[in-house]
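Top line first, the protein sequences correspond to chains A and B.
Here the first sequence stands for residues 20 to 500, where the numbers follow the numbering used here.
Here the second sequence stands for residues 20 to 500, where the numbers follow the numbering used here.
To be clear, the hints were calculated from the coordinates, so they are not data collected in a lab.
Note that the structure is predicted; figures quoted are calculated from it, not measured.
Any given hint could turn out to be false.
The list makes no distinction among identical chains, and a pair is therefore deemed to hold if it is satisfied within one copy or across any two copies.
Once the Cα atoms are required to be at most 27 Å apart in a straight line, the calculated BS3-like pairs of lysine-lysine come out as [said to hold, decoys possible]: (1) 188 <-> 221; (2) 93 <-> 121; (3) 257 <-> 62; (4) 29 <-> 165; (5) 440 <-> 188; (6) 257 <-> 124; (7) 124 <-> 43; (8) 129 <-> 489; (9) 93 <-> 489; (10) 129 <-> 405; (11) 264 <-> 188; (12) 43 <-> 188; (13) 221 <-> 124; (14) 62 <-> 129; (15) 489 <-> 43; (16) 149 <-> 43; (17) 221 <-> 129; (18) 93 <-> 221; (19) 29 <-> 124; (20) 165 <-> 43; (21) 221 <-> 29; (22) 489 <-> 405; (23) 221 <-> 121; (24) 453 <-> 264.
2 protein chains.
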Amino acid sequence: MKQGWQLNRKSEIPLYLQIKHLLKEKIRLGEWSIGTTLPSQRKLAQLLDVNRSTVVEAYEELMAEGLIEGVQGKGTRVVNNTWNVIQSEIDWNSYVIESTYKPSKPLIQKINEAEFSPSIIRLGTGELGKELLPIGAMNDLISNLKIEAHHLGYEEPKGSLELRQAVCKHVQAFGIHTSPSSVLIVSGALQAFQLIASGLLKQRASILAESPSYVFSINAFQSANVQLHNVPIDQIAKNPSILAKLKAQHNASLFYTIPTFHNPTGFLYTEEQRQNIVHACQSSQLPIVEDDVYRELWIDTPPPPTMKSMDQSGNILYIGSLSKLVSPGLRIGWIIGPETVINRLADLKMQVDYGASSLSQAVAERWLSSPDYYNEHVNWVRISLKERRAHFLHLLDTYFSSFATWSVPTGSFYVWVRLQKELSLHRLFDVALKNGILINPGSIYEERDASYLRLSYSYESKERIEQGMKQLASCIQSMIG
Amino acid sequence: MKQGWQLNRKSEIPLYLQIKHLLKEKIRLGEWSIGTTLPSQRKLAQLLDVNRSTVVEAYEELMAEGLIEGVQGKGTRVVNNTWNVIQSEIDWNSYVIESTYKPSKPLIQKINEAEFSPSIIRLGTGELGKELLPIGAMNDLISNLKIEAHHLGYEEPKGSLELRQAVCKHVQAFGIHTSPSSVLIVSGALQAFQLIASGLLKQRASILAESPSYVFSINAFQSANVQLHNVPIDQIAKNPSILAKLKAQHNASLFYTIPTFHNPTGFLYTEEQRQNIVHACQSSQLPIVEDDVYRELWIDTPPPPTMKSMDQSGNILYIGSLSKLVSPGLRIGWIIGPETVINRLADLKMQVDYGASSLSQAVAERWLSSPDYYNEHVNWVRISLKERRAHFLHLLDTYFSSFATWSVPTGSFYVWVRLQKELSLHRLFDVALKNGILINPGSIYEERDASYLRLSYSYESKERIEQGMKQLASCIQSMIG
Ligand SMILES: Cc1ncc(COP(=O)(O)O)c(C=O)c1O
Ligand SMILES: Cc1ncc(COP(=O)(O)O)c(C=O)c1O
Chain A
20 MKQGWQLNRK
30 SEIPLYLQIK
40 HLLKEKIRLG
50 EWSIGTTLPS
60 QRKLAQLLDV
70 NRSTVVEAYE
80 ELMAEGLIEG
90 VQGKGTRVVN
100 NTWNVIQSEI
110 DWNSYVIEST
120 YKPSKPLIQK
130 INEAEFSPSI
140 IRLGTGELGK
150 ELLPIGAMND
160 LISNLKIEAH
170 HLGYEEPKGS
180 LELRQAVCKH
190 VQAFGIHTSP
200 SSVLIVSGAL
210 QAFQLIASGL
220 LKQRASILAE
230 SPSYVFSINA
240 FQSANVQLHN
250 VPIDQIAKNP
260 SILAKLKAQH
270 NASLFYTIPT
280 FHNPTGFLYT
290 EEQRQNIVHA
300 CQSSQLPIVE
310 DDVYRELWID
320 TPPPPTMKSM
330 DQSGNILYIG
340 SLSKLVSPGL
350 RIGWIIGPET
360 VINRLADLKM
370 QVDYGASSLS
380 QAVAERWLSS
390 PDYYNEHVNW
400 VRISLKERRA
410 HFLHLLDTYF
420 SSFATWSVPT
430 GSFYVWVRLQ
440 KELSLHRLFD
450 VALKNGILIN
460 PGSIYEERDA
470 SYLRLSYSYE
480 SKERIEQGMK
490 QLASCIQSMI
500 G
Chain B
20 MKQGWQLNRK
30 SEIPLYLQIK
40 HLLKEKIRLG
50 EWSIGTTLPS
60 QRKLAQLLDV
70 NRSTVVEAYE
80 ELMAEGLIEG
90 VQGKGTRVVN
100 NTWNVIQSEI
110 DWNSYVIEST
120 YKPSKPLIQK
130 INEAEFSPSI
140 IRLGTGELGK
150 ELLPIGAMND
160 LISNLKIEAH
170 HLGYEEPKGS
180 LELRQAVCKH
190 VQAFGIHTSP
200 SSVLIVSGAL
210 QAFQLIASGL
220 LKQRASILAE
230 SPSYVFSINA
240 FQSANVQLHN
250 VPIDQIAKNP
260 SILAKLKAQH
270 NASLFYTIPT
280 FHNPTGFLYT
290 EEQRQNIVHA
300 CQSSQLPIVE
310 DDVYRELWID
320 TPPPPTMKSM
330 DQSGNILYIG
340 SLSKLVSPGL
350 RIGWIIGPET
360 VINRLADLKM
370 QVDYGASSLS
380 QAVAERWLSS
390 PDYYNEHVNW
400 VRISLKERRA
410 HFLHLLDTYF
420 SSFATWSVPT
430 GSFYVWVRLQ
440 KELSLHRLFD
450 VALKNGILIN
460 PGSIYEERDA
470 SYLRLSYSYE
480 SKERIEQGMK
490 QLASCIQSMI
500 G
């Protein structure tokens, strides 16, 4: 929204008139169609770095001209446009409201928006920070990429053959033996959810998922009218046969799991637990979607084998991604499964976007096929995460121990922090944001509103993490009094 | 499917046993789950370059082992797997069949598949061929891209600000004045359809589209349960007020149009027709989706202004893309519209794939901001298309004039060829494919099954086009007798 909002402070035109002109242009060009809510006067003043009274003056002029109207408690809206007084305009708002997809949860929308303010300290973000990204290696790989016609053209429905071959080789280390025809390249693991939801599940199908889970923070299944049933993660770990029971009860079509460095809890199923889960699902004919995007981010010891490596009957759809270890911006992930499924999802992928970026696919292939770069990077990330985790746990001990508990993750970058007193996580989110700190409240990941926060030690520098944690602790303390 | 199908002709193991082993592995690993249909014996023999009898032998062994079963007229299916005789397997087929998204039309699936056989001459493909892609320029731009953290990270919901700024500048030349907050970067124009269908339209909404139209060849709207009503393109050109009438009749939510070098007909609305259409839609409150992906591919003279430049009230959603002039593989397109719409679609885009590839976005930005490369390329494309069009029209005159008519396109790369005798386009498609030629039957683009073909002079070399056209003419002649 910042873009195009420049005032000329040397001009003889008073600032309020410049602002009026800016707003009028937006209305005239149809960018702000009738019904659009204007930014609040406070927010606009902040954005333009002027006194609020200057904005008030601009708004008053536009009201006088009949272009905008303030409604008590609802903000200011465009009610007319500049070029024609009596005219029929599309009510885009009603299009939006009546359409089929759900909007993201309001908290997620706020997070998506706040993430791009550079001054905010992002304590919840589940990505590698700048220092941990393989910028040098990528620069080498990309500048040495000899561009050929196929890099610029559309790729095959399942994705570039070279990349699928590289993925097959890559997952061998995880005990998965497969061939390129059973691999679909997706535009990030997130897209796998969308494809599965619309390509494999019927209207109002049910699926089972751990509670809490990443899957509750996104809308992919809910928007496709799929019901999500949650099962406490510790119950599954203790007693996997609960899955069979719940399958029968809800007529569930899938079990979605993040068995390795689970998001948001950091939980890791043991090998035995995995076997029991695979067995329980196999014998009750409940397919598994194994989301394994964090596997390589172990810190202490390598994780147990993939569930997929225990699957000999095409019961498991396996999801991987380059986002968590290498680069979320490449938007490259994969699904591995029986050909019947992969063919179907590939056809669907052609329907939704004609495939992932060929350029990203080429770079991903180079990355997976460059063991030197790869190993150097993954070692560096592991060492750094170990150090960052130690630092973070120290900060928790120092600032959080009087009011919170947590357990130590053995990989990835999340700490699932439990606040001992219940407090409104929404309010805490707002208070923290006002103090320049962005957190992921646990309520994003589960239906009951317990007092958890997902904090992350991967994104910000250690200095900023320290600063943020201190500040956050004091926000919490001021709320619990 | 070719992948991993290697026989060792020097081995002492007979070929049929090698084949049997290959197939058994696929079954054992769950790539071919129970219910999967095997390739036909003929096809497999061709693929492996062996006698059909060798394949028959391998199949018979597997049947004897109870792993596969032939059903008269339905091909051969996997009925059991190797590792366990009594076991419960997921019936993935029923998942696919009962799920919500429609599969692509069978013809489209065949085209998608055949496109990647290198020997096929692609006379229908709507892309620039190798010689016309800016490979050198892209190589320069990409190898000079200094990779920074933001290239590897997630981008803002609407897409990279730099790219949106570059798009704003780019579309100024088309009379569109807008700011980055009204622009959404999408993963190709195709994705715009999906976002509009699920983010702006309600269940069972109706939309109007020209007939024929590209939109009938894709499933984006149909899969979202949107009804498409077609209006003959010449009727719209002559009498735009028909749109108002049909809007009322079908309670239509949108009019989707390709006003410039229409796909598949090559049609171009005049400036006056555009004004009349914009006016008719405006006064009946029917929003327009203006798909303008071919605008820059004019050959003789620049096309009339965009409809969007005639829109002063946010009535038009404008779609552009880099696919047709620069690179389909980048998967970069944009939607320009009122902020209410753009904000909604941006939220949705975060739900489906967290944004387009950051790397593609960076390259797209560089491209749009490099006028030297840009202009040199676009001039070269125009000159080449002019030459190719002349060559193609000459071939049509020579080989097609006895049984077909067509009109001369003034831009882009399609000729909409009408066969004077009705014949089965499906059969023609199959016959042509057997002869190594891939065509786009007109029935993909319209509901009534008229005798049109969409041919293209942009993809293959002139030699291969000549060879293909000759061959195609003789296929047609053999069918019309
Ligand atoms: C468990 C899990 N799966 C999938 C994703 C999505 O990853 P991608 O960037 O590959 O879409 C995330 C990202 O946060 C995640 O935590
Ligand atoms: C009219 C039209 N719109 C959109 C597209 C899709 O383009 P993109 O590659 O940008 O998704 C095509 C491609 O054939 C097209 O012909």
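Hints versus structure:
1. 188 <-> 221: Neither. Shortest intra-copy (33 Å) and inter-copy (44 Å) distances fail the 27 Å Cα cut-off.
2. 93 <-> 121: within (22 Å within a copy, 41 Å between copies)
3. 257 <-> 62: neither (50 Å within a copy, 49 Å between copies)
4. 29 <-> 165: neither (49 Å within a copy, 36 Å between copies)
5. 440 <-> 188: neither (49 Å within a copy, 53 Å between copies)
6. 257 <-> 124: For residue 257 and residue 124, neither the intra-copy (31 Å) nor the inter-copy (47 Å) Cα distance is at most 27 Å.
7. 124 <-> 43: Neither: 31 Å inside a copy, 47 Å across copies.
8. 129 <-> 489: Close inside one copy (22 Å), not across copies (60 Å); limit 27 Å.
9. 93 <-> 489: neither (36 Å within a copy, 68 Å between copies)
10. 129 <-> 405: neither (30 Å within a copy, 51 Å between copies)
11. 264 <-> 188: The answer is neither: 37 Å in one copy and 59 Å across copies each exceed 27 Å.
12. 43 <-> 188: Answer is between: at 20 Å across copies they meet the 27 Å cutoff, but 58 Å inside does not.
13. 221 <-> 124: Result: close both inside a copy and across copies, 24 Å intra and 20 Å inter.
14. 62 <-> 129: within (15 Å within a copy, 54 Å between copies)
15. 489 <-> 43: For residue 489 and residue 43, neither the intra-copy (44 Å) nor the inter-copy (60 Å) Cα distance is at most 27 Å.
16. 149 <-> 43: Cα proximity of residue 149 and residue 43: none, with 40 Å in one copy and 47 Å across.
17. 221 <-> 129: Between. Shortest inter-copy distance 25 Å satisfies the 27 Å Cα cut-off; intra-copy 31 Å does not.
18. 93 <-> 221: Intra 39 Å, inter 25 Å, cutoff 27 Å: inter-copy only.
19. 29 <-> 124: Neither: 43 Å inside a chain and 61 Å across chains, both beyond 27 Å.
20. 165 <-> 43: Result: close neither inside a copy nor across copies, 48 Å intra and 39 Å inter.
21. 221 <-> 29: Classified as neither: same-chain Cα gap 62 Å, cross-chain 49 Å, threshold 27 Å.
22. 489 <-> 405: within (21 Å within a copy, 67 Å between copies)
23. 221 <-> 121: Both, since 18 Å and 11 Å are each at most 27 Å.
24. 453 <-> 264: neither (46 Å within a copy, 52 Å between copies)
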